[in-house]
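Chains as they are written, first to last, in this note's numbering: chain A, 30 to 277; chain B, 30 to 277; chain C, 30 to 277; chain D, 30 to 277; chain E, 30 to 277; chain F, 30 to 277; chain G, 30 to 277; chain H, 30 to 277.
It should be emphasised that the hints constitute simulated quantities derived from the structure, not laboratory data. Hints are not guaranteed to be accurate.
Unchecked claim - Computed list of lysine to any residue pairs in SDA-like fashion (alpha-carbon distance at most 20 Å, straight line): (1) H/Lys36 with D/Gly45; (2) E/Lys36 with A/Gly148; (3) F/Lys36 with G/Gly45; (4) E/Lys147 with D/Leu145; (5) B/Lys36 with C/Gly45; (6) G/Lys144 with G/Ser158; (7) A/Lys36 with E/Gln55; (8) B/Lys144 with B/Asn113; (9) F/Lys144 with F/Ser195; (10) G/Lys36 with F/Leu53; (11) B/Lys147 with A/Ala223; (12) G/Lys144 with G/Arg202; (13) A/Lys147 with B/Arg111; (14) C/Lys144 with C/Ser193; (15) D/Lys36 with H/Leu132; (16) D/Lys36 with H/Arg121; (17) B/Lys147 with A/Leu53; (18) D/Lys144 with D/Arg202; (19) B/Lys36 with C/Gly46; (20) H/Lys36 with H/Ala51; (21) G/Lys36 with F/Gln41; (22) G/Lys147 with C/Arg202; (23) H/Lys36 with D/Arg202; (24) H/Lys147 with F/Asn105; (25) D/Lys36 with H/Asp50; (26) F/Lys144 with F/Arg179; (27) G/Lys36 with F/Leu35.
As the list claims (entries may be wrong) - Partial selection, computed: residues in chain D whose CB lies under 8 Å from chain B: (28) Leu145; (29) Phe181; (30) Val185; (31) Ala186; (32) Gly187.
The structure presented is a predicted model; accordingly, all values stated were derived computationally and were not measured. Just so it is clear, CB atoms sit at the ideal spot from N, CA and C, and this is done for glycine as well.
8 protein chains.
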Amino acid sequence: MDANRLKALLEQVRSGGVTPDAALEQIKTLPFEDLGFAKVDHHRAVRAGAPEVIFGPGKQPEHFAGIFSRLAARGNNVLATRVNMEQIAATRALFPDVEHNSLARTLVLRQQTEKLGKGTIGIISAGTSDIPVAEEAAVTAEVMGNDITRLFDVGVAGLHRLLSHSDELRAARVLVVCAGMEGALPSVVGGLVAVPVIAVPTSVGYGAAFGGIAALLGMINSCASNVSVVNIDNGFGAAYVASLINRL
Amino acid sequence: MDANRLKALLEQVRSGGVTPDAALEQIKTLPFEDLGFAKVDHHRAVRAGAPEVIFGPGKQPEHFAGIFSRLAARGNNVLATRVNMEQIAATRALFPDVEHNSLARTLVLRQQTEKLGKGTIGIISAGTSDIPVAEEAAVTAEVMGNDITRLFDVGVAGLHRLLSHSDELRAARVLVVCAGMEGALPSVVGGLVAVPVIAVPTSVGYGAAFGGIAALLGMINSCASNVSVVNIDNGFGAAYVASLINRL
Amino acid sequence: MDANRLKALLEQVRSGGVTPDAALEQIKTLPFEDLGFAKVDHHRAVRAGAPEVIFGPGKQPEHFAGIFSRLAARGNNVLATRVNMEQIAATRALFPDVEHNSLARTLVLRQQTEKLGKGTIGIISAGTSDIPVAEEAAVTAEVMGNDITRLFDVGVAGLHRLLSHSDELRAARVLVVCAGMEGALPSVVGGLVAVPVIAVPTSVGYGAAFGGIAALLGMINSCASNVSVVNIDNGFGAAYVASLINRL
Amino acid sequence: MDANRLKALLEQVRSGGVTPDAALEQIKTLPFEDLGFAKVDHHRAVRAGAPEVIFGPGKQPEHFAGIFSRLAARGNNVLATRVNMEQIAATRALFPDVEHNSLARTLVLRQQTEKLGKGTIGIISAGTSDIPVAEEAAVTAEVMGNDITRLFDVGVAGLHRLLSHSDELRAARVLVVCAGMEGALPSVVGGLVAVPVIAVPTSVGYGAAFGGIAALLGMINSCASNVSVVNIDNGFGAAYVASLINRL
Amino acid sequence: MDANRLKALLEQVRSGGVTPDAALEQIKTLPFEDLGFAKVDHHRAVRAGAPEVIFGPGKQPEHFAGIFSRLAARGNNVLATRVNMEQIAATRALFPDVEHNSLARTLVLRQQTEKLGKGTIGIISAGTSDIPVAEEAAVTAEVMGNDITRLFDVGVAGLHRLLSHSDELRAARVLVVCAGMEGALPSVVGGLVAVPVIAVPTSVGYGAAFGGIAALLGMINSCASNVSVVNIDNGFGAAYVASLINRL
Amino acid sequence: MDANRLKALLEQVRSGGVTPDAALEQIKTLPFEDLGFAKVDHHRAVRAGAPEVIFGPGKQPEHFAGIFSRLAARGNNVLATRVNMEQIAATRALFPDVEHNSLARTLVLRQQTEKLGKGTIGIISAGTSDIPVAEEAAVTAEVMGNDITRLFDVGVAGLHRLLSHSDELRAARVLVVCAGMEGALPSVVGGLVAVPVIAVPTSVGYGAAFGGIAALLGMINSCASNVSVVNIDNGFGAAYVASLINRL
Amino acid sequence: MDANRLKALLEQVRSGGVTPDAALEQIKTLPFEDLGFAKVDHHRAVRAGAPEVIFGPGKQPEHFAGIFSRLAARGNNVLATRVNMEQIAATRALFPDVEHNSLARTLVLRQQTEKLGKGTIGIISAGTSDIPVAEEAAVTAEVMGNDITRLFDVGVAGLHRLLSHSDELRAARVLVVCAGMEGALPSVVGGLVAVPVIAVPTSVGYGAAFGGIAALLGMINSCASNVSVVNIDNGFGAAYVASLINRL
Amino acid sequence: MDANRLKALLEQVRSGGVTPDAALEQIKTLPFEDLGFAKVDHHRAVRAGAPEVIFGPGKQPEHFAGIFSRLAARGNNVLATRVNMEQIAATRALFPDVEHNSLARTLVLRQQTEKLGKGTIGIISAGTSDIPVAEEAAVTAEVMGNDITRLFDVGVAGLHRLLSHSDELRAARVLVVCAGMEGALPSVVGGLVAVPVIAVPTSVGYGAAFGGIAALLGMINSCASNVSVVNIDNGFGAAYVASLINRL
């Protein structure tokens, strides 16, 4: 459409309705998003099918709801993460159908339901305390148009639980693995499958877990070659990467 | 083929050529890889198309060449990383056709040339000092059956160089981005494309670069949502993940 | 038995009752839990005599009490650590006989009282502020069927207090030593006894104590060869290890 | 004026109104600021045009307002940073015209409006969460007599936004760049301009952002040679340095 | 000129010499370097008066000399830092007049001698061991066209030495202060002057100096508001920033 | 006296009043406190003149007051640090004359007023925010029988204030220097005096001050040879060491 | 025997062969090991069955051989760890039968072969690079009188290898598990057995492995309750602890 | 004398020999060294009895010997620390009587032998590997005019060795305690004596000892109140502080 707009302008130049100088001036003063778009901002195209995203913490309820409305107006799905009760209430007043996942601490407004992922994304958590992060990943993957499988509470100290789900593991096209404490699960899972594993260290643990640093270090040093890592507790980011992979 | 082997044995049981007891004994004494394979070791299948890999550091030349020979006998491509001159000489005596990439510090024996990747993997480095890591990634991606594009020395302090290659960036199906010092390049690249970016912090830098920690932290905290990270200087691992993605 | 089952199948192949293909399929599709389970999950047997354990923090009172009930139904002792007042009240409503140790911040339901440990476990704390961790260890050791001796407030800056208890130290079969600040006590105790010492760094201290890191580092670097270490404030884990040792 | 005071004393010595001994005694007992000033305390002269500054945190409202009054009496501008509501109320009771900037969390009393800076200081923030720090820098620069330009929310993952403001970037005589997370923005900005860039890491981010450490490390390791760095969240300090530069 | 080029194209559209569609295509396919260049790469202009710079470590002598030659051909001053004896010999064979400063570990080829700085840059070092870093700063500042003053070995534990040079301190337009160990000197100097202080932590020290981290932390936390900081041992970077300031 | 007791026993053996076996048994079973005590516990004698000390944090008011009473009964001075309002109230109910220093957050019961220090202890703070730590040191030094001089708010960025007090600095027999942020003051003070300087890093500062770590590192790396360091915010400990020195 | 010696002396006192005064003097001048032994030094008894140990690094060959000789004279086994070629040659000249294990880098002189351990100690390594540490543990356990089983190269990314050895794992009375990189193996092993697991982080790995810190953190945070940890690369210490446990 | 000089000037003003303006100018232009010297540089007086000190590392032999000569000419004792063989040879050529202590790695030229310390300084080391640091302390203390007692190899894991020297411990007026690994010895010693303890962490240890950081943290967090700490391996600094104390 930017091309269309530019072409219309050029037509006007051709027809004499606009002088070259005036056209030049218009081109110069077009908002960058329009003119420069072709060269620099592939961002929007890139994000086709990506949800509009709001990070909840620190935002006043009305301010939060206002941003939510503005983003919703673009017609994409809207995903808000780490929301609190006040933010939910303020948003629900405007969008009664917004979906709140209390485990994931997310709000979702579905406006597009196209299936964009080609296969299934497996979402795995080591312990029950890692579930909020894993659920954030699950909600993100779903809102980005993927089928998902959840395997929760399959940590390495009880290996039989994990192994009894080998079929689900192998059926996934890409895996998101959330673990705190020593963060060993992605290495073990990585050794069992032949697909990319996105590891999410969680801040679960105490003492020398250092809020997720131990798990982060463990995952970065994974002896399994198919593991890459995102930030501590970043379930959203892991699912975002997995969704891009699943569209390929 | 394991299935084939097992099936052949069962045929022999059927035909009476092998007693059930003898078959049982054979099944029991099959190397674990064979018997347990169906349930636990999906590893080999998983690694179809993966090279046999040797990590060079600390291995005596003859020992190194011996491992190389043994792995080569399996018929896959063989990739050795971080090799030194003595290891190269000892291996070349056995495999005159082995390819040495001096920038990447790799040795490669190509025994399979099937194209396994569906698109192109972009290999990007911020500075010239990051090239050894980027080349290790490039060699790995090639040996795993991918087409690659190299974009080297396109760091963030000279943005025009990076931007002048927007087309190549956008043409890639997945990107490996290597950077040391502040490790900012993956964030910038991540904002320009809509595909997964595998970030590799390098140990390039001095002072407070801390051998790659600054770059690692920068990449883990990337504000671009399509970035995941591997270990410092782990060009091999990044290309391994990218190759798995490129096969999807 | 798996062998038996497999042999029976092979016999059927022999007799023609099952085709090789069908047999192959059966072998492939046997649920892991059945075939592999015996090999992998020794977990349950392993934990004979271990309490059912609940980690209190972050659990809603009713949810906590629900888990407590479910675990209690298995007939083992139940141990909840780091409980709060609401969790205690909710649990006591269901189990009036549950024992609350306010120092240790534990809830215990005794359903088995068999003495499983062969000797005495010494539980030692450096300062009075380390007592909550030491008490958690004490309660854990007791609920796992051990006799214990407590030696509290015997830190290294007042050596005579520790030395005056040499007999108790030497009478123990294994020792749990809790200390914060510089974490020197396990080294001193380790030099006085010939049995294993399990060191527990505590988060006691301020300034450069870094929430137990200084103590953890001190203990990991202990010059006494009979010392091994668990996580900061992990009184439960130390007593768990000590209990396993005391059963040998 | 100190010179004047000293000269007056010397005149009195000359005229006989003061004996040399008495003069010596007076000189000795003059407050250090007067006597030693010529040699040691260039501080006051140095700070000509600098605001009187109060750091709000930890100060009781009345105590805060008292300090504010005392400093205001010197006739300079007064700048209070990180103020809270109680401090504002107590101060406004005394100085009805005091200006409160709620984004910057500052209170300002303008008593001097001389333009001391020769050009414009650009104040840039990567994300919306970095704005409080950037606003603190903006208020500081203004109160120190500078023209400023604000470019907010121009982070590296959306490069087109930053690039569309190239003209403003290039028009600045010195730049203050505030960024959290990976802290990459100063490197990118540094590559686009030929003037000094003062980088301010912010504590924005989560997980491995470590309260601004990741951003600080990124900035200290910047590959752009025109970048120097101040403390985490230190918008005041960055603007102070930028103001000194802008007076040259 | 881009505007001119674009205007010429628009004129052709007006005159009918180019159809709107063809014009649109041309605009789309203009290489970014041409169209976007004016917007993005201010880099070259920006670096007017900056030396061409080579970082010596890790470069083979002939490779080093080759780069040196190529850069020299541009007609600017060439500055190589952290050079070794072999690099010097190889370069001197090509450029007999190249200047080697053995303290600074630099090679300089002067091809431009224009005085670009308006005042004097003071280069200060705390101890004699900090001199290599300070000299690197001095050489850099000189090659960038500045007058400099050196004040070496004026550390804070012998305050009278520093204070006896107050006049030189105050005469400088901007200061570079190099210190290792506790890195206290920039704070003290910052309190004595009213101009920007660029602090360079050095790796001088032992034990808990951690290769310059202690000094870096000290400087980042400076209580003097006119201090900003560059990387450990980065004398070049500090002088680069100071030179930009001195041109204002 | 132990020797006497042992000799008496040996005499009885000689005289036949005690058999060797019985004597052996007695020697073995003598309580350690009696036999070994003289060798080991010099602690009490050592602490002659030291106050009884209570660390307030975490103690319930009545529990706190109870400990206070018990310690007071020994007749020594009692010093409680980091006390809160409830603890003060509970203690004052029992000891109306107890002295509360609100800056230092201490409670003191003076029962001995002997002057034990031979000279003056100088207590110095860099900023006003360091005063609570410095006051804790001052109160401790006083309660341990020393004359003290306070020099507060004499940080290194305003050197003239410190230098104007050179006489007081030189008059002290030992100095306690409290500083946060970069912790540079002990180095500067150490260079001005010829007596021991006890440095106390404080948790004052923000950002990369890391709760006192920057100051701690600065002080440990001090270039002044007469500086030794205690824990972050440990005003009590610094004054304790200084008091021992002042008694020599 | 000390008791015997003391009793003999007492008998002499009884018989008049030694006066009480002379006895007292003898008791006083007995080496501390003899007199104080009953109370303080249980060290020797404690260490019954422990080898005499020499840590090789930094010791001159002749000095090393001299210590070796002196320790050998006590009649116990002698174990030297981390020996180099020169130390081996110098020692072999004196003790031709000394055993050198080149993998473990140990020298052993067997003078006692009593079997002191009651069961088998399992020594497990994750990768081939961890073998030197694991072998050091193996040699230590053997020289302390234990039967051992080695399971090497059974890391978590190839789970089937580990699981195929379940029987050996379960047969051990205590396990030593050595792993570098992410250090996940002890958690997995801990979940498979019901006995104590002594975890040894190794310095194997690169990049963010930080010389074993990542593995150490992983192990300290293990989600398996039967794991305790020793220092990085401390194979000796782990086997020492395991040996004490195996004697119980 | 400054006062005298100033008074003379004032007399001249009185007498009319100097005008007030000229006097003002003179006062302003008096060199700081003259006027301010008395106020600022107490350094020299302060260091009466201190040796001239050279830190060896990094200095060329002739350069080293040159500095040594220059310092020796002042007539004080000269102490060089961490010297190497070449430095020793070059110095001995000039000063045949210079004393080399190979354990301490020091060179000493005694030119003054006055006894300046009032009592004995105890120098204690935990292990044999800590002896170089302890010897550096011993040599420093001696050259500064103190009597010393050495207690080496009395680490906390063999407490009886330390306790058997209680008398020597108690006889010292101040103690220097050197320890690596967990650094626990100063706490234990601190509890046994009533005098100041200067703790020196050493870089002895491996793995998580981190080159002395573990010991440094342990000592800074000591539970004994009479302990203060110097830098890692800083035997010189500890003895310097102890010597100042011993002169009081």
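Violated hints - listed by number, lowest first:
2, 6, 8, 9, 13, 14, 15, 16, 17, 23, 24, 28 and 29
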